[in-house]
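**Student:** The lines below spell out each chain.
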Amino acid sequence: MERKRLVTLFISLMLALVLAVMALTSCGPSTPEPTGPQTLLIGNIESITGWFSSHDIEDASETQIMADYINEQGGITVGGQQYTIKMVVEDGQSSLDGVTAAANKLVFDHGVKFTVAPPIFFAAASNPITNANKVLAVLNYNVNTPGELDANTPYSFIGYNGGLGQSIAFIKFMRQAWPDAKKIAFIMPDDGTWKFLSPVINPTLAEEGFTMVGDPIFYPNDIVDFTPIATKINAMDIDGIIQIHGIGVHAGNLLKALREAGNNKPYGAGMCDSLNSIKAISGEAAFTNIASWAITPGDPGNPPLLNELTKRIIAKNGPDVPIFGLSANCLYILKQVIEAANSLDPTVVKAKFETMDSVDTLYGTGYFCGEDTYGIRHAIAHPSPMSIARADGVISFGGFIPATLLP
Amino acid sequence: MALATLTNVLVLSAMYILAALGFAFIFSMLGILNIAHGGIYMVGGYLAFFLITKLGIYPWAGLLLVGVILAGLGVLIERFCFRPFVGDFNKIIMVGVSITVIIKTIVNIMLGTKTLTVTPLIKGVIGIDSFSVSSERILTLIIGGILLGIIAWFVNRARWGKQMQAIAQNIDGARLQGINVNSISAIACALGLGLAAIAGCLMGMLLSLSSSMGDLMLIKVLIVVILAGVGSVSGIFITGLVLGAMDAVFPVITNGIVGNAIAVAIVIIILLIKPRGFFGREV
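Protein sequence lines, in the order shown, are assigned to chains A and B.
Counting in numbering that gives the first Met the number 0, the first sequence tops out at residue 406, every number present.
Counting in numbering that gives the first Met the number 0, the second sequence tops out at residue 282, every number present.
Be careful, since some hints might not be right.
Calculated lysine-lysine pairs in the DSS-like style (CA-CA distance at most 27 Å, straight line) [as the list claims (entries may be wrong)]:
#, chain 1, residue 1, chain 2, residue 2
1, A, K349, A, K133
2, A, K349, A, K85
3, A, K85, A, K315
4, A, K349, A, K315
5, A, K171, A, K181
6, B, K122, A, K310
7, A, K133, A, K85
8, B, K122, A, K264
9, A, K315, B, K122
No lab work stands behind these hints, which were simulated from the structure alone.
All figures in this text were calculated on a predicted structure; none of them were measured in a lab.
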């Protein structure tokens, strides 16, 4: 009994001592606030899992590399205070449900005020959350579906040409690259966006002298075996194939299926996956007569920042990695607008966005546009890089197609 | 177009049948719905990439190694993951899901989630008049056909195969006849997972690898096995051909995801008419 009382007393005394030490160390004279850089959290919704992960894992990596570059240059400066960017990535799981969950985590758990990504076809899930909470989002790929950007999304902006602008530029490039091609098979994923894109794409095809043979050919996003699609295309009397949207695995597998079936016609893979990454899937033997709206890393025709970014991406991720330049571009634009607004208040930054005419992008000068198309001038149009490989399979820089401003 | 489509039908059917046979062995012998089957199919492809493309092992040797390694894994899975839970449906499902998640995570950590391709067994294209097909596709068809022939012989003629059939028909009766159920179950599992792995390897050479390829194949396998009916191994040859035909033909004659929907609708109609599948027995 006596021993038990002694032990209890000892423990109580130790506890009291610890509490006293904690109290003493938390008091005392206040020290001045450190004046070094502070941290600015920027959210990034990327599908690290699911069918879109082959795209978004690389996109997330590129965005981090861009953030590191910006931080090396001094980060973001607002009101004389430097801010180091810290990217907070949440998994969108390649689904609307996943993107909703990711947006909720970023806004409510992490308390971010700015986000980059996801592509607009996923932003239908994140827009209601970010806009309701006045979180400014710079989204990376528009497909012209209703509601993706309008008066109900005042805090959403597009930081990349997207499906519409890139498709227009790509069709123009295809005409330059293969002037003799007239009849084309038109192919794209069955993602439901054709009815919204066709009012723009069909006239552009006609303007450039292309005739679509039959109806567009659609394929499911999760398809891997493109042999039936290649069989269908081979039965058509065409001079070439133009595809918009899709991901590198689609293009690589379709290219392989086409060439194995004896079809050597020009194939315009209208997507931002680099030709190197498409070649890694199709194999060298099948890699002929293909173009994409991709970056050609290291080409002297690229803006210096683009070459610097791609150099870092290749150093980190290898030479065959696809390079997209989507969310990285969005981050770069966001950084400039925050500094121009000289504020970290999303509402102030939003207002600045809306008064600016242009901004520097990875691809050259980008112009804000889209008032008639979206009802708000929150889209951007910038030059589009093109990449091409002819019959010899050697990848070369296709130049930049000037920005096509959306009305 | 007809020749090309026929080739596609045969290649797809062969792969579906190979993968489904493996699933059916385990289902018939052990009564286990092996949800991890798609994961093993995926691992087969990725293991082939690691052995053949990364380590530079001769492709034919790599193919054989993939089958042997994953057959060995099948023995371990049967002993430690399936046998303790035979008869407990819920636990078996959880075990299957767990194995799939673990496998996917290991593959993603080791090889990333980038789409990969496996060095093919043979390169080149065979052209006859206007018809052109890759040599790899023809070889896959030949390998698939040979394997299926061996399996058919094994199930119907070999002692172990007949014992597997006996267990599938009546496990207690088989035990009373002196059949070592545990050993035969281990062999069935090894065979089943080995076949799935080889199918994954061959498809990885033909197409490309992705971490979700197993999920898609699991759905196809379930359709083939359910359409064939419980306990029917030979029926899988028929239903595999049916599904391969639908998957090869519908994308040509329809557009987009409509083809997938039609194929699934046909499956549902068949099951409404024949709930036990084409060749199933009463359970």
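**Student:** If a hint holds in the structure, say so; if it doesn't, say that too.
**Tutor:** Each hint tested on the structure:
About 10 Å separates the Cα atoms of K349/A and K133/A, which keeps this hinted pair within 27 Å; it holds. Of the supplied pair hints, the one linking K349/A and K85/A holds, its CA atoms being roughly 21 Å apart against a limit of 27 Å. The hinted pair formed by K85/A and K315/A meets the criterion: a straight-line CA distance of about 19 Å does not exceed 27 Å. Under the criterion of a C-alpha separation no larger than 27 Å, the hint pairing K349/A with K315/A is inconsistent with the structure, at around 34 Å.
This hinted pair checks out: K171/A and K181/A have alpha carbons roughly 13 Å apart, not beyond 27 Å. Taken as a hint, the K122/B and K310/A pair is broken in the structure, with Cα atoms around 33 Å apart against an allowance of 27 Å. Of the supplied pair hints, the one linking K133/A and K85/A holds, its CA atoms being roughly 20 Å apart against a limit of 27 Å. For the suggested pair K122/B and K264/A, the alpha carbons sit about 21 Å apart, so the restraint of at most 27 Å is met.
Between K315/A and K122/B, the direct Cα distance comes to roughly 32 Å. Violation of the 27 Å bound is thereby established for this hinted pair.
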